[in-house]
Amino acid sequence: MEFAINYVVAPLIKIVIILAILPLLVAALTLFERKVIAFMQVRLGPMRVGPWGLLQPIADPIKLLLKEDIIPERADRWIFVTAPIITLIPAFIVFAVIPFGPSINVFGTPVNLYVTDLNIGVLYVLSVSSVGVLGIILAGWASNSKYPLLGALRSAAQMVSYEVALGFSIMGVLMMAGTLSLVEIVEAQRNAGWWFVFLQPLGFILFFICGVAETNRAPFDLPEAESELVAGFHTEYSGFRFSLFFLAEYAAMIVISSMAVTLFWGGWLRPFPNVEALAFLDVVPPIVWFAAKVVVFLYCYLWFRASWPRYRYDQLMKIGWRYLLPLAIANVIVTAVLVIVFGEPQ
Amino acid sequence: MKVRRPELNLLKKIFLVDLIKGLLLTFSYQRPSANYTEQYPKQRPKISERFRGAPRLNNDPVTGETLCIACNLCALACPEHCIEVGWERDAAGKKVLTTYTFDLSRCMFCGLCEDACPTPCLELTQEFELSLYGRRDMKLDRQKLEEGIQPLVYTK
Amino acid sequence: MAEEKDNPNAQKPTPPPKPAGAVPPPPPKPAAPAAPPKPKGPVPEPWSHPLVDAINEKFGAELVKAYTFIGQNQIEVKKARIGDIMRFLRDNSIIPFDYLVDETAVHWPKDEEFEIVYILYSFKKNERLRVKTRTKEWEAVESVVSVWGTADWLEREVYDMFGVQYANHPNLKRILLPEDWVGFPLRKDYNIRLQDVDWVRKHLGIDSGQKYYVGEARHEAGDYITPTD
Amino acid sequence: MSTQETLFDASELTVSMGPQHPSTHGVLQVKLKLDGERVIDAQCVIGYLHRGVEKLGENQTYGQFLPTLDRTDYIAAVSNCLGFCEAVEKLLGVTAPPRAQYIRVILTELNRISSHLLWLGTHALDIGAMTVFLYAFREREEILKIFENYSGARLTTHMFRIGGTQYELYDGFQDQVRAFVKDFPKKVAEYETLLTENRIWINRTRGVGVISAKDAVDMGLTGPPLRASGVQWDLRKAKPYAAYADFEFDIPVGEHGDTYDRYMVRMEEMRQSARIVAQAVEKIPDGPLMAKMSKIIKPPVGDIYHSIEAPKGELGYYIVSDGSTQAYRARVRPPSFVNLQSLRKMVIGHMVADVVAVIGTLDIVLGEIDR
Numbered sequence: 000m001e002f003a004i005n006y007v008v009a010p011l012i013k014i015v016i017i018l019a020i021l022p023l024l025v026a027a028l029t030l031f032e033r034k035v036i037a038f039m040q041v042r043l044g045p046m047r048v049g050p051w052g053l054l055q056p057i058a059d060p061i062k063l064l065l066k067e068d069i070i071p072e073r074a075d076r077w078i079f080v081t082a083p084i085i086t087l088i089p090a091f092i093v094f095a096v097i098p099f100g101p102s103i104n105v106f107g108t109p110v111n112l113y114v115t116d117l118n119i120g121v122l123y124v125l126s127v128s129s130v131g132v133l134g135i136i137l138a139g140w141a142s143n144s145k146y147p148l149l150g151a152l153r154s155a156a157q158m159v160s161y162e163v164a165l166g167f168s169i170m171g172v173l174m175m176a177g178t179l180s181l182v183e184i185v186e187a188q189r190n191a192g193w194w195f196v197f198l199q200p201l202g203f204i205l206f207f208i209c210g211v212a213e214t215n216r217a218p219f220d221l222p223e224a225e226s227e228l229v230a231g232f233h234t235e236y237s238g239f240r241f242s243l244f245f246l247a248e249y250a251a252m253i254v255i256s257s258m259a260v261t262l263f264w265g266g267w268l269r270p271f272p273n274v275e276a277l278a279f280l281d282v283v284p285p286i287v288w289f290a291a292k293v294v295v296f297l298y299c300y301l302w303f304r305a306s307w308p309r310y311r312y313d314q315l316m317k318i319g320w321r322y323l324l325p326l327a328i329a330n331v332i333v334t335a336v337l338v339i340v341f342g343e344p345q
Numbered sequence: 000m001k002v003r004r005p006e007l008n009l010l011k012k013i014f015l016v017d018l019i020k021g022l023l024l025t026f027s028y029q030r031p032s033a034n035y036t037e038q039y040p041k042q043r044p045k046i047s048e049r050f051r052g053a054p055r056l057n058n059d060p061v062t063g064e065t066l067c068i069a070c071n072l073c074a075l076a077c078p079e080h081c082i083e084v085g086w087e088r089d090a091a092g093k094k095v096l097t098t099y100t101f102d103l104s105r106c107m108f109c110g111l112c113e114d115a116c117p118t119p120c121l122e123l124t125q126e127f128e129l130s131l132y133g134r135r136d137m138k139l140d141r142q143k144l145e146e147g148i149q150p151l152v153y154t155k
Numbered sequence: 000m001a002e003e004k005d006n007p008n009a010q011k012p013t014p015p016p017k018p019a020g021a022v023p024p025p026p027p028k029p030a031a032p033a034a035p036p037k038p039k040g041p042v043p044e045p046w047s048h049p050l051v052d053a054i055n056e057k058f059g060a061e062l063v064k065a066y067t068f069i070g071q072n073q074i075e076v077k078k079a080r081i082g083d084i085m086r087f088l089r090d091n092s093i094i095p096f097d098y099l100v101d102e103t104a105v106h107w108p109k110d111e112e113f114e115i116v117y118i119l120y121s122f123k124k125n126e127r128l129r130v131k132t133r134t135k136e137w138e139a140v141e142s143v144v145s146v147w148g149t150a151d152w153l154e155r156e157v158y159d160m161f162g163v164q165y166a167n168h169p170n171l172k173r174i175l176l177p178e179d180w181v182g183f184p185l186r187k188d189y190n191i192r193l194q195d196v197d198w199v200r201k202h203l204g205i206d207s208g209q210k211y212y213v214g215e216a217r218h219e220a221g222d223y224i225t226p227t228d
Numbered sequence: 000m001s002t003q004e005t006l007f008d009a010s011e012l013t014v015s016m017g018p019q020h021p022s023t024h025g026v027l028q029v030k031l032k033l034d035g036e037r038v039i040d041a042q043c044v045i046g047y048l049h050r051g052v053e054k055l056g057e058n059q060t061y062g063q064f065l066p067t068l069d070r071t072d073y074i075a076a077v078s079n080c081l082g083f084c085e086a087v088e089k090l091l092g093v094t095a096p097p098r099a100q101y102i103r104v105i106l107t108e109l110n111r112i113s114s115h116l117l118w119l120g121t122h123a124l125d126i127g128a129m130t131v132f133l134y135a136f137r138e139r140e141e142i143l144k145i146f147e148n149y150s151g152a153r154l155t156t157h158m159f160r161i162g163g164t165q166y167e168l169y170d171g172f173q174d175q176v177r178a179f180v181k182d183f184p185k186k187v188a189e190y191e192t193l194l195t196e197n198r199i200w201i202n203r204t205r206g207v208g209v210i211s212a213k214d215a216v217d218m219g220l221t222g223p224p225l226r227a228s229g230v231q232w233d234l235r236k237a238k239p240y241a242a243y244a245d246f247e248f249d250i251p252v253g254e255h256g257d258t259y260d261r262y263m264v265r266m267e268e269m270r271q272s273a274r275i276v277a278q279a280v281e282k283i284p285d286g287p288l289m290a291k292m293s294k295i296i297k298p299p300v301g302d303i304y305h306s307i308e309a310p311k312g313e314l315g316y317y318i319v320s321d322g323s324t325q326a327y328r329a330r331v332r333p334p335s336f337v338n339l340q341s342l343r344k345m346v347i348g349h350m351v352a353d354v355v356a357v358i359g360t361l362d363i364v365l366g367e368i369d370r
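Residue numbers (numbering that gives the first Met the number 0), protein chains in the order written: chain E, 0 to 345; chain R, 0 to 155; chain B, 0 to 228; chain A, 0 to 370.
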């Protein structure tokens with residue numbers, strides 16, 4: 000019975016909650032994006048639906064769902080239909096291991112604020128999230144159109160190059176934490192007394208740059224660069240299927256932000272978790288700390304988009320292989336030496 | 000004069016100075032006072048006095064008679080030939096306006112007709128909301144021109 | 000150089016004999032463009048310049064005349080050796096015309112002729128020159144693409160609009176109009192009123208948004224057709 | 000299935016960029032042959048916006064043709080108007096009075112700024128910097144307000160008439176212009192903060208679409224693209240028209256002839272234009288607005304070529320008059336049309352992403368190309 004509750008019922012409930020909340024979060028994120036960028040651009044953004052356009056994220060999905068679903072005549076029908084799903088599913092199931100907070104008490108029973116605590120959490124996130132690119136490639140291929148194809152090829156190359164650097168940039172954290180479990184990494188940061196970003200600043204910067212590239216966001220939004228490839232890999236998609244890509248992209252943004260928070264910014268921990276003088280900060284529940292940090296990173300995503308131009312495809316490759324990867328490897332080596340000399344920060 | 004071609008020095012490059020400068024600028028513009036948007040249908044923009052919008056035939060404010068002397072100059076001036084003036088001679092041999100057609104669908108609001116008009120009769124008003132449901136509606140007759148196009152009130 | 004600055008005032012049409020533009024227009028005279036200029040208004044003056052002498056020396060009879068009109072220098076040449084003349088104009092040391100500003104044409108249906116106008120400019124001397132040559136519809140003019148790269152599209156446009164043939168042009172196709180367009184719009188005999196209605200109807204499947212008149216006489220007919228409503 | 004074969008079997012991929020594409024600035028179509036992402040050939044297909052403006056010019060009186068001309072380069076309608084007015088005036092032998100000349104200079108230079116702002120916004124947007132677009136449009140709006148107040152229209156202004164200008168300055172014109180000119184250099188500095196030193200911008204624009212001075216002259220490039228290649232030539236200095244001889248300003252020139260230099264040249268030009276406006280607005284002379292001339296414009300028999308420095312390059316009008324009220328031939332020498340010819344030369348060997356950068360940097364307006 001207890002087994003059933005712990006391993007079937009409780010995770011199921013959590014999964015359902017995540018699946019229910021995530022699309023809402025994405026919808027909210029689209030409004031957030033439009034508002035933030037609008038204000039940076041001296042505009043107001045959506046203002047018509049609801050007060051200050053607050054109902055816009057509801058109106059948009061309704062519009063998308065009601066739109067005609069067009070499948071091009073020459074498209075590879077089955078792949079065309081499955082591609083958005085292939086992109087979407089990994090983006091969602093990654094959330095299984097992301098710890099939103101520590102255990103809380105619900106009616107006297109401790110409930111963990113994560114679906115599961117895999118002991119290879121980081122690997123799981125990396126591997127599952129890289130499946131998403133398959134959907135993009137398939138979408139570009141199946142559309143049987145030229146701009147999507149170019150977008151898909153760009154995307155494939157971009158993913159392959161940045162996946163490597165992304166992996167290496169996390170390695171420093173893993174060595175310090177000595178674990179692959181995301182929950183334990185957060186705990187390790189409590190033990191160390193420092194968020195890992197202070198110990199691994201370079202690692203964090205590399206991680207975030209690669210993360211932006213992984214999620215195809217500005218300034219690395221080449222697969223869907225609207226001024227070059229019209230809409231990149233989803234040029235031929237419309238209505239509901241398009242919204243799946245949309246959902247996947249924004250979910251991926253949330254994943255990368257959550258990962259950055261978990262690995263480098265202490266997850267649900269308050270600043271300086273071991274300093275007693277700051278204990279009053281504990282008034283704020285851990286999950287709020289987590290959410291606040293994630294929002295900051297999401298804000299950065301939008302901020303970059305509003306501020307910078309877009310890289311070119313070959314320059315993107317050059318940055319990935321020539322700067323980010325060597326720097327990440329150097330970071331690993333330096334961290335390794337330091338960890339050996341000083342021991343793990345406990 | 001030669002234009003600049005700045006080179007980034009290494010230090011600036013490593014610390015991403017150029018990128019951060021851009022970020023700070025966009026960040027600073029988030030202040031609401033910098034906002035430039037006009038909420039158009041709710042908030043009507045200020046139209047300048049000389050704006051060339053929908054045409055109107057003015058009547059004498061006192062007598063209520065038309066100011067048009069049927070001289071046909073506007074029709075001659077129009078590059079698009081979208082004005083047609085109909086007239087007849089009255090008993091005294093004076094030209095009297097009978098019909099006046101203004102095809103708004105071909106008008107490009109250049110203002111040449113207004114310039115040509117020797118009386119203050121033909122006027123391009125400040126009315127700019129000219130969308131109509133059909134092309135036939137765009138052919139304005141004398142009555143419509145004298146009333147002028149009335150703006151639709153935006154309700155929400 | 001001085002041309003553009005001084006002349007507008009200097010060459011004002013002298014009013015006394017025939018008030019030039021100050022009176023309501025006299026009944027329209029039959030405009031005969033090729034006819035000798037009427038006494039009113041500016042008249043072309045002969046232009047003598049070392050360059051003209053050089054052309055004369057080199058090409059002799061090819062040069063029809065050289066003159067200045069409202070301070071703008073022009074030469075008229077025969078079209079037989081137009082390529083050589085142009086190359087000479089570009090490469091000469093007196094005024095090297097290194098920039099082809101424009102190439103266009105004027106249709107003179109009376110003479111069944113097209114006047115090709117080349118407008119040249121010299122960066123070094125800040126001088127402009129108009130070179131004119133005349134051609135018939137069925138005769139080809141030598142292309143100057145090899146002299147100035149600019150001429151490529153400009154000549155295509157002249158071909159497109161006037162139907163002037165160019166010899167040795169790398170890609171003489173219509174440029175602004177569709178390939179299957181019938182007629183050459185900028186010819187004087189191309190009626191603007193009947194222009195594209197048929198083409199639009201055939202290719203786009205819609206009626207041209209333009210109202211077109213029944214025949215030419217709009218006011219007599221008093222009615223026009225608005226294709227769709 | 001045949002499409003699939005062509006997509007993958009051929010070593011070349013033919014992509015038709017436009018006429019419906021976000022960054023072909025209208026209805027330009029570029030047929031690209033690609034090897035991977037590298038361009039091996041580019042053919043422009045134009046004419047989608049052809050309206051027969053030159054033919055219209057032969058069927059309208061000189062005065063009636065002016066509003067039509069506004070619709071060629073609709074971004075810089077004031078320049079079009081000025082060029083044609085001056086050409087006809089030259090043929091007529093009249094000169095616009097000094098007051099009109101000054102007003103013309105002020106408005107034309109403001110128009111140059113607004114045209115460059117639109118270029119800047121769209122060019123930056125093509126390269127992915129979307130915020131610059133909105134900042135540029137904010138300043139452009141201020142200029143359009145001045146236009147609206149002065150002439151009654153924002154875009155197709157029909158600003159001047161042959162022989163001078165139609166409208167007297169409105170109250171507060173000088174203050175409005177002064178305020179704009181005073182504020183404007185700061186705004187340019189802002190755009191520059193976002194772009195000039197930005198490494199992404201530099202990467203995307205330097206060495207892209209290079210054209211040497213020799214090629215530029217051969218291809219008839221004019222305006223900022225020519226100056227960016229290092230040819231210091233500006234019609235406002237070379238053959239001063241209107242009242243330009245009265246003002247001090249510099250002609251910015253580049254050196255490398257790449258997209259970055261063209262960007263810098265235009266940025267500097269905006270500052271110089273603001274400088275001209277600032278000088279002109281302080282000393283607008285009094286006097287009439289129109290030259291003394293007949294109401295009915297009948298130029299003498301003859302032909303004339305007059306050109307001005309439009310924001311996009313040399314905008315010329317070649318008018319043949321047969322002595323009637325309508326031009327016998329009204330030819331527009333469109334700078335965009337001639338400049339676009341160099342596109343092929345500039346993009347071959349570059350990547351797809353550079354094509355949009357080069358199209359942007361040429362600052363073309365399809366209304367003018369297709370006329």
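Think of the hints as simulated: they come from the structure by calculation, not from any bench.
A portion of the hints provided could be inaccurate.
Unchecked claim - Derived PhoX-like pairs (lysine-lysine); straight-line CA-CA distance at most 20 Å:
1) A:185 - B:124
2) R:1 - A:213
3) A:144 - R:20
4) B:124 - A:238
5) A:54 - R:1
6) B:124 - B:109
7) B:57 - B:131
To be verified - Far from chain R by the CB rule (all over 12 Å, computed), these chain A residues:
8) 26
9) 39
10) 44
11) 64
12) 184
13) 195
14) 227
15) 244
16) 249
17) 267
18) 286
To be verified - Chain R side only, calculated, beta carbon under 10 Å to chain A, not exhaustive:
19) 16
20) 76
21) 95
22) 114
23) 118
These numbers were taken from a predicted model, which means no experiment stands behind them.
Ideal placement from N, C-alpha and C gives every residue a C-beta, glycine not left out.
Cross-check of the supplied hints:
1. A:185 - B:124: 38 Å, violated
2. R:1 - A:213: Roughly 18 Å between the alpha carbons, so the hint for residue 1 of chain R and residue 213 of chain A holds.
3. A:144 - R:20: 31 Å, violated
4. B:124 - A:238: 12 Å, holds
5. A:54 - R:1: 42 Å, violated
6. B:124 - B:109: Answer violated: residue 124 of chain B to residue 109 of chain B is near 38 Å, above 20 Å.
7. B:57 - B:131: 18 Å, holds
8. 26: 20 Å, holds
9. 39: Its Cβ never comes within 12 Å of chain R, the nearest being 30 Å, so this holds.
10. 44: 28 Å, holds
11. 64: 7 Å, violated
12. 184: 15 Å, holds
13. 195: It is violated; residue 195 of chain A is separated from chain R by about 7 Å at its closest Cβ, not greater than 12 Å.
14. 227: 8 Å, violated
15. 244: 19 Å, holds
16. 249: 4 Å, violated
17. 267: 5 Å, violated
18. 286: 21 Å, holds
19. 16: 8 Å, holds
20. 76: Cβ of residue 76 of chain R sits 7 Å from chain A, so the hint holds.
21. 95: 25 Å, violated
22. 114: 7 Å, holds
23. 118: 17 Å, violated
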